[in-house]
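Asks: Please take these sequences and the hints and turn them into a complete structure.
For the sequence shown, the working numbering assigns the number 1 to the initial residue and increments by one for each residue that follows.
In short, the hints are calculated from the structure, not lab data.
Fair warning: there could be bad hints in the mix.
Computed cross-link-like contacts, DSSO-like style, restricted to lysine-lysine with a CA-CA straight-line distance of at most 30 Å [as the list claims (entries may be wrong)]:
no.	residue 1	residue 2
1	K63	K79
2	K98	K79
3	K98	K63
4	K51	K63
5	K63	K34
6	K242	K147
7	K236	K315
8	K79	K34
9	K63	K236
10	K104	K51
11	K104	K63
12	K315	K147
13	K104	K85
14	K147	K300
15	K283	K315
16	K63	K103
17	K51	K147
18	K103	K47
19	K242	K283
20	K34	K51
21	K104	K147
22	K34	K85
23	K104	K79
24	K285	K300
25	K59	K103
26	K315	K300
27	K315	K242
28	K47	K34
29	K236	K285
30	K147	K98
31	K47	K79
32	K47	K59
33	K103	K147
34	K300	K242
35	K47	K98
36	K59	K85
Here are the in silico distance ranges between beta carbons for each label pair [said to hold, decoys possible]:
no.	residue 1	residue 2	range
37	Q75	V109	34 to 40 Å
38	V90	T193	46 to 52 Å
39	V266	S129	36 to 42 Å
40	A123	F31	32 to 38 Å
Ideal placement from N, C-alpha and C gives every residue a C-beta, glycine not left out.
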Amino acid sequence: MGHTLLCKLEFILVLYSLLHSGHTEDAVLTFEPKWSTFFPGESLTFKCDMKEGRTDDWKYTLKRNDWTLYSDVTQQDFKINLLYKSHSGVSQCCGLRKGSDYKKCSNRVSIRVSDRARATLTAATTTVSVGDRVTLICSVEKSAGWKYEWFRRTSHTSEDTINDGLNGNIRVSQGGIYRCRGFRGEPAVYSDTSDEVTIQITCEGFHFIESFSQSLILTLKCVLLFLNLMETVSNKVSVTQKPSWSQIFRGERITLTCEVQGGEGVQWEYEWRRPQSQTFRTKQKDWTITASISGDYSCKSRPTEDSYSATNWSKPVRVSVLGKLDCLFFINVCSNTTKYLCL
1 MGHTLLCKLE FILVLYSLLH SGHTEDAVLT FEPKWSTFFP GESLTFKCDM
51 KEGRTDDWKY TLKRNDWTLY SDVTQQDFKI NLLYKSHSGV SQCCGLRKGS
101 DYKKCSNRVS IRVSDRARAT LTAATTTVSV GDRVTLICSV EKSAGWKYEW
151 FRRTSHTSED TINDGLNGNI RVSQGGIYRC RGFRGEPAVY SDTSDEVTIQ
201 ITCEGFHFIE SFSQSLILTL KCVLLFLNLM ETVSNKVSVT QKPSWSQIFR
251 GERITLTCEV QGGEGVQWEY EWRRPQSQTF RTKQKDWTIT ASISGDYSCK
301 SRPTEDSYSA TNWSKPVRVS VLGKLDCLFF INVCSNTTKY LCL
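Replies: Structure follows, in structure tokens:
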């Protein structure tokens, strides 16, 4: 009898110990985004999950390197909107159950905030034959989640964005001087721009950068290759207008559409030429304008992956803009009707 009672007492003591000695589920500290390395200017959010009770049953504390960052807050999420290198270190959260002395702490997580990110541009080769393509690869060290912008210039043209990127590699067939940079997050944080890489186009032993006009001697085969290459990207384009009125009044809105023939399966970007020789680029083939001056409108297009291989300009569409439309309104009070006459 005494032995049985002793066993029961031991069982009760063990059960009591399990309930009160930390064998409950541990708190968990996580963070988003789950990047291995952060850079100055980025943001992150810690989440402290106590794994028991309701979220509002607890008061939360967040520490970094044993220094208290937040104390006795009622929300389990901690957002740091602007990271600095000083935010590097080991973080841990603890929760205190409201109305009691019961407290438990989470695991420790390590956060690394590095120096400003830098992009690296590499090429499989810097010399490519006419008609071939070379792959350019842009990467940002030590971390993930990057999207990319690409730039190209020549010795006689200014630098321009050639691809809105997102991908870390592109294939190009045009010579020139290329750079890239990465961006990620919202709002976006940009890496430093990469070093330049110069791509040369070679033809029968003659090297030239940017275009064959820079080479003094070209073989007939090289010229034919260039002509053939130009044909592959010389899709015809045309401009249509909606509404298709022959005359537009100032202030009215019309939509111009740049149509590419034979461009199925290719992503295009568009360049418009408007009156007074002004040009601009867009990703959309439709362009809605408010009529202001008469003039010719034309467009051309280029593949997004090779934006310097463009079509020819389309045949211009003439938009004739008249003065502002004036109308007189007549109201019949007796019949409660309205009539108008436009002059």
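Asks: Hint by hint, say whether it matches the structure.
Replies: Going down the list of hints, with the structure as the test:
1. Distance hint between K63 and K79 is fulfilled; the C-alpha atoms sit about 13 Å from each other, no more than 30 Å.
2. Between K98 and K79 the alpha-carbon distance is near 23 Å, which keeps this suggested pair within the 30 Å criterion.
3. With a C-alpha separation of about 19 Å, the suggested pair K98 and K63 falls inside the 30 Å cut-off, and the hint holds.
4. For a cut-off of 30 Å, the pair hint linking K51 to K63 stands: about 19 Å separates their Cα positions.
5. This hinted pair checks out: K63 and K34 have alpha carbons roughly 19 Å apart, not beyond 30 Å.
6. The straight-line distance between the Cα atoms of K242 and K147 is roughly 36 Å, outside the 30 Å bound, and the hint therefore fails.
7. For the hint pairing K236 with K315, the CA-to-CA distance comes to about 10 Å; that is within 30 Å, so the pair holds.
8. At most 30 Å may separate the alpha-carbon atoms for a hinted pair to count; K79 and K34 meet this at roughly 14 Å.
9. At roughly 63 Å between alpha-carbon atoms, K63 and K236 are farther apart than 30 Å, so this suggested pair is violated.
10. For a cut-off of 30 Å, the pair hint linking K104 to K51 stands: about 10 Å separates their Cα positions.
11. Straight-line distance between C-alpha atoms of K104 and K63 comes to about 14 Å, which keeps the hinted pair within the 30 Å bound.
12. With a C-alpha separation of about 37 Å, the suggested pair K315 and K147 falls outside the 30 Å cut-off, and the hint is violated.
13. A distance of roughly 29 Å separates the Cα atoms of K104 and K85; the hinted pair therefore holds under the 30 Å criterion.
14. A C-alpha spacing of about 27 Å is found between K147 and K300, which places the hinted pair at or below 30 Å, so the restraint holds.
15. Proposed proximity of K283 and K315 is supported: the alpha carbons are some 20 Å apart, at most 30 Å.
16. Of the supplied pair hints, the one linking K63 and K103 holds, its CA atoms being roughly 15 Å apart against a limit of 30 Å.
17. Of the pairs offered as hints, the one joining K51 and K147 is violated, with about 35 Å between alpha carbons and a cut-off of 30 Å exceeded.
18. A hinted pair counts as satisfied when its Cα atoms are at most 30 Å apart, and K103 with K47 qualifies at roughly 17 Å.
19. A distance of roughly 19 Å separates the Cα atoms of K242 and K283; the hinted pair therefore holds under the 30 Å criterion.
20. Between K34 and K51, the direct Cα distance comes to roughly 20 Å. Compliance with the 30 Å bound is thereby established for this hinted pair.
21. Straight-line distance between C-alpha atoms of K104 and K147 comes to about 40 Å, which puts the hinted pair past the 30 Å bound.
22. Between K34 and K85, the direct Cα distance comes to roughly 17 Å. Compliance with the 30 Å bound is thereby established for this hinted pair.
23. For the proposed pair K104 and K79, the alpha carbon gap of about 21 Å is at most 30 Å, so the pair holds.
24. Between the alpha carbons of K285 and K300 the distance comes to roughly 10 Å, so the proposed pair stays at or under 30 Å and holds.
25. Of the pairs offered as hints, the one joining K59 and K103 holds, with about 9 Å between alpha carbons and a cut-off of 30 Å not exceeded.
26. For the hint linking K315 to K300, the alpha-carbon distance of about 10 Å falls within 30 Å, and the restraint holds.
27. The straight-line distance between the Cα atoms of K315 and K242 is roughly 17 Å, inside the 30 Å bound, and the hint therefore holds.
28. In summary, the hint linking K47 to K34 is supported, as the alpha carbons are separated by about 12 Å, within the 30 Å threshold.
29. The suggested pairing of K236 with K285 holds, with an alpha-carbon distance near 14 Å, which does not exceed 30 Å.
30. A distance of roughly 44 Å separates the Cα atoms of K147 and K98; the hinted pair therefore is violated under the 30 Å criterion.
31. For a cut-off of 30 Å, the pair hint linking K47 to K79 stands: about 9 Å separates their Cα positions.
32. Under the criterion of a C-alpha separation no larger than 30 Å, the hint pairing K47 with K59 is consistent with the structure, at around 13 Å.
33. With a CA separation close to 42 Å, the supplied pair K103 and K147 exceeds the 30 Å bound.
34. Between K300 and K242 the CA atoms are separated by roughly 19 Å; this keeps the pair inside 30 Å, and the hint holds.
35. A distance of roughly 19 Å separates the Cα atoms of K47 and K98; the hinted pair therefore holds under the 30 Å criterion.
36. Distance hint between K59 and K85 is fulfilled; the C-alpha atoms sit about 28 Å from each other, no more than 30 Å.
37. Taking the beta carbon of each, Q75 and V109 are about 18 Å apart, not inside 34 to 40 Å as hinted.
38. Here the CB-CB span from V90 to T193 is close to 33 Å, at odds with the stated 46 to 52 Å.
39. Remark: the range hint 36 to 42 Å for V266 to S129 is contradicted by a beta-carbon distance near 23 Å.
40. Remark: the range hint 32 to 38 Å for A123 to F31 is upheld by a beta-carbon distance near 36 Å.
In the structure shown, a violation is registered for the earlier hints numbered 6, 9, 12, 17, 21, 30, 33, 37, 38 and 39, in ascending order.
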